[in-house]
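Colleague: Chain residues, written in single-letter form:
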Amino acid sequence: MASISLRHLRKAYGSTEVIHNLSIDIRDGEFVALVGPSGCGKSTLLRMVAGLEPITAGEIRLGDRLINDVAPRDRNIAMVFQNYALYPHMTVAQNLGFSLKLQGLAKAEIERRVQAVAETLGLSAVLDRTPRRLSGGQRQRVAMGRAIVRQPEAFLFDEPLSNLDAKLRVQMRTEIKALHQRLGTTTLYVTHDQVEAMTMADRIVVLKDGVVEQSGVPLELYDRPHNAFVAGFIGSPAMNFFRGRVQRHGAPAVLTDDGLRLPLHRLPEAADGHEVLYGVRPEHFELQEGGTLEARVVVVEPTGAETLIAAGLGRHQVVAAFRERVDAHPGTALKLAPRAEHVHLFDAASGQRLN
Amino acid sequence: MNATTDTLRLPQRGSAGEHDVPALRRPGARPLGWLRRHGRAALAVVLLLVLMFPFLWLVQIAFRPAEGAFDDSLLFTPTLEAFRALLQGNFARSFANSLVVSSLSTVLSLAIGVPAAYALTRWRFRARGRVALWILITRMAPPIAFTIPFFLAYRWIGLLDTVWGLALVYLTFNLAVVIWLMQGFFEAVPAALEEAAWIDGCGVWSAFWRVTLPLAAPGVAATAVLCFIFSWNDFFYALILTRTHAVTAPVAIVNFLQYEGWEWTKIAAGGTLVMLPVVAFTLLVRKYLVRGLTAGGVKD
Numbered sequence: 001m002a003s004i005s006l007r008h009l010r011k012a013y014g015s016t017e018v019i020h021n022l023s024i025d026i027r028d029g030e031f032v033a034l035v036g037p038s039g040c041g042k043s044t045l046l047r048m049v050a051g052l053e054p055i056t057a058g059e060i061r062l063g064d065r066l067i068n069d070v071a072p073r074d075r076n077i078a079m080v081f082q083n084y085a086l087y088p089h090m091t092v093a094q095n096l097g098f099s100l101k102l103q104g105l106a107k108a109e110i111e112r113r114v115q116a117v118a119e120t121l122g123l124s125a126v127l128d129r130t131p132r133r134l135s136g137g138q139r140q141r142v143a144m145g146r147a148i149v150r151q152p153e154a155f156l157f158d159e160p161l162s163n164l165d166a167k168l169r170v171q172m173r174t175e176i177k178a179l180h181q182r183l184g185t186t187t188l189y190v191t192h193d194q195v196e197a198m199t200m201a202d203r204i205v206v207l208k209d210g211v212v213e214q215s216g217v218p219l220e221l222y223d224r225p226h227n228a229f230v231a232g233f234i235g236s237p238a239m240n241f242f243r244g245r246v247q248r249h250g251a252p253a254v255l256t257d258d259g260l261r262l263p264l265h266r267l268p269e270a271a272d273g274h275e276v277l278y279g280v281r282p283e284h285f286e287l288q289e290g291g292t293l294e295a296r297v298v299v300v301e302p303t304g305a306e307t308l309i310a311a312g313l314g315r316h317q318v319v320a321a322f323r324e325r326v327d328a329h330p331g332t333a334l335k336l337a338p339r340a341e342h343v344h345l346f347d348a349a350s351g352q353r354l355n
Numbered sequence: 001m002n003a004t005t006d007t008l009r010l011p012q013r014g015s016a017g018e019h020d021v022p023a024l025r026r027p028g029a030r031p032l033g034w035l036r037r038h039g040r041a042a043l044a045v046v047l048l049l050v051l052m053f054p055f056l057w058l059v060q061i062a063f064r065p066a067e068g069a070f071d072d073s074l075l076f077t078p079t080l081e082a083f084r085a086l087l088q089g090n091f092a093r094s095f096a097n098s099l100v101v102s103s104l105s106t107v108l109s110l111a112i113g114v115p116a117a118y119a120l121t122r123w124r125f126r127a128r129g130r131v132a133l134w135i136l137i138t139r140m141a142p143p144i145a146f147t148i149p150f151f152l153a154y155r156w157i158g159l160l161d162t163v164w165g166l167a168l169v170y171l172t173f174n175l176a177v178v179i180w181l182m183q184g185f186f187e188a189v190p191a192a193l194e195e196a197a198w199i200d201g202c203g204v205w206s207a208f209w210r211v212t213l214p215l216a217a218p219g220v221a222a223t224a225v226l227c228f229i230f231s232w233n234d235f236f237y238a239l240i241l242t243r244t245h246a247v248t249a250p251v252a253i254v255n256f257l258q259y260e261g262w263e264w265t266k267i268a269a270g271g272t273l274v275m276l277p278v279v280a281f282t283l284l285v286r287k288y289l290v291r292g293l294t295a296g297g298v299k300d
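Chains as they are written, first to last, in this note's numbering: chain A, 1 to 355; chain B, 1 to 300.
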């Protein structure tokens, strides 16, 4: 096991730079999720760590070793691909033992390790099958088993759950996290699904256009996002944003162009009239009988555990989430009030956090 | 309404739903029905017979006695005297030459062409497109344009009338085909499999040998068959570049017409023997041939 250190990493394809001076430190044994929208460079970054993509500038260290120019096979890392990349012409047992065979281990030792990993992952019954005859979940486990059996210094996951159906995805999330808790191997996990990142990672790094937007523990990113992008990316359903101007006199509030008066908990560090983005998470709305904000219900989505209500508030579309059952129907009016102490304020121009 | 039967219904007064006029049938409706059901199969059989007729005719001449080569009788007592006479002469040697030359050129073409195709598929270098096109262009030139240069060069080097010489000529033509075909098969193998192999501990060559090549095996089989057939069937270069030692089977048959008179049964026997290896080879690998030429490889 080892730490992974990325220092001032740059990646350019010709004149197009996709990774800009990026530095991330992953501690030994840590599970770090790399999230971001499509095209943000997260997969490219992972491939650079794996050695599948050359580096334009910067350093990658595995423990103390500088591995910039080290071939993938000598880096002692294992990777789980998005499409699993299982060898179609080999059985599950052969897939699992392939790397061990290349290392020159004795046949008995290979078989012992393969059996052990197969048992851990519930693959003992399918060792003689080829990948074509496996289900999606089984293939995913074989891909993981192939990585585990090598006992590498670090695991790299490239969106491994994106090809699975929703139910299996939830199940595999738990399994991967349990595996990490058991093995304690340093893990770098790339995903576009922030729910995966939130539930699995010790730390999340949010990437956008090749730049780190924020890095921290999941709840820190959720409770105190540094900018509007992170605020909107983390959390499902996404945060609601209102564009308006700060009003410092009287009770501090933000006034929107369509006449909404959104309350603030305390005076923000912004001048009167400053243009801001007022962010409220869906679960931070409450129903207020005498409230001033009247929303017209558009869609009601009961998930069982909570009720999601999409409503029109002024010219804005908002989503509110309530734990309790709400009596609302499309077309009815709801008096919503944001909980001022949970509001997030961002500069409208730069997107940076103000409160 | 059923197209083959016309039911004439006259307007009824009183009784509802009953027709008391018997159904009329068009003349010739019955054979038409049979044709509709079995027509496609019948047509296929007819086409097959038409296409196979020259071969079947040739093969049956080979088994006839020399005097009755062109008899009209469908039934006759088959005899092997033509084959016996053939093998007593130099034909066996020509046949062996054909086998050696074709096998040699196929093996060489694959040994050189397959790695070349792999490099062209995976290595993105700047002149890649131009190199691929240049390789393809070499196949577009008419072979006849190179006969004199080859003849003169071989005479100077001393490769005239040698098995190696002929194999090398076939190599120059087969190589482009091998590279062109195998590129397609290698493109069908996902690069992610090779990347997984690199991470698992393979080098570039090792990943190619252990992962890519086994998956492209149907393609290799199909390409091998095509190379073999091209080399085996060649008459022109074999005629120009051989004299006595390296004469191949197609040329040997023509020699029967000139030097040994018009022994039709021996010519037919020779033709049958020349057809055999190609037919046998193709039948053996037809499963791979279809798979290789249509699917083109692997679905991950």
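It should be emphasised that the hints constitute simulated quantities derived from the structure, not laboratory data. Each hint should be verified, as a subset may be incorrect.
Partner residues aside, some chain B positions facing chain A, computed with beta carbon under 10 Å [as the list claims (entries may be wrong)]:
#, residue
1, Pro142
2, Pro143
3, Ala145
4, Phe146
5, Phe150
6, Glu187
7, Ala192
8, Leu193
9, Glu194
10, Ile199
11, Ser206
12, Arg210
13, Leu215
The model shown is predicted, which means the values in this text are computed figures rather than measured ones. Note that CB positions come from ideal geometry on N, CA and C, so glycine has one too.
Colleague: Name the hints, by number, that the structure is in violation of.
Modeller: Of the numbered hints, 1, 2, 3, 4, 5, 6 do not hold.
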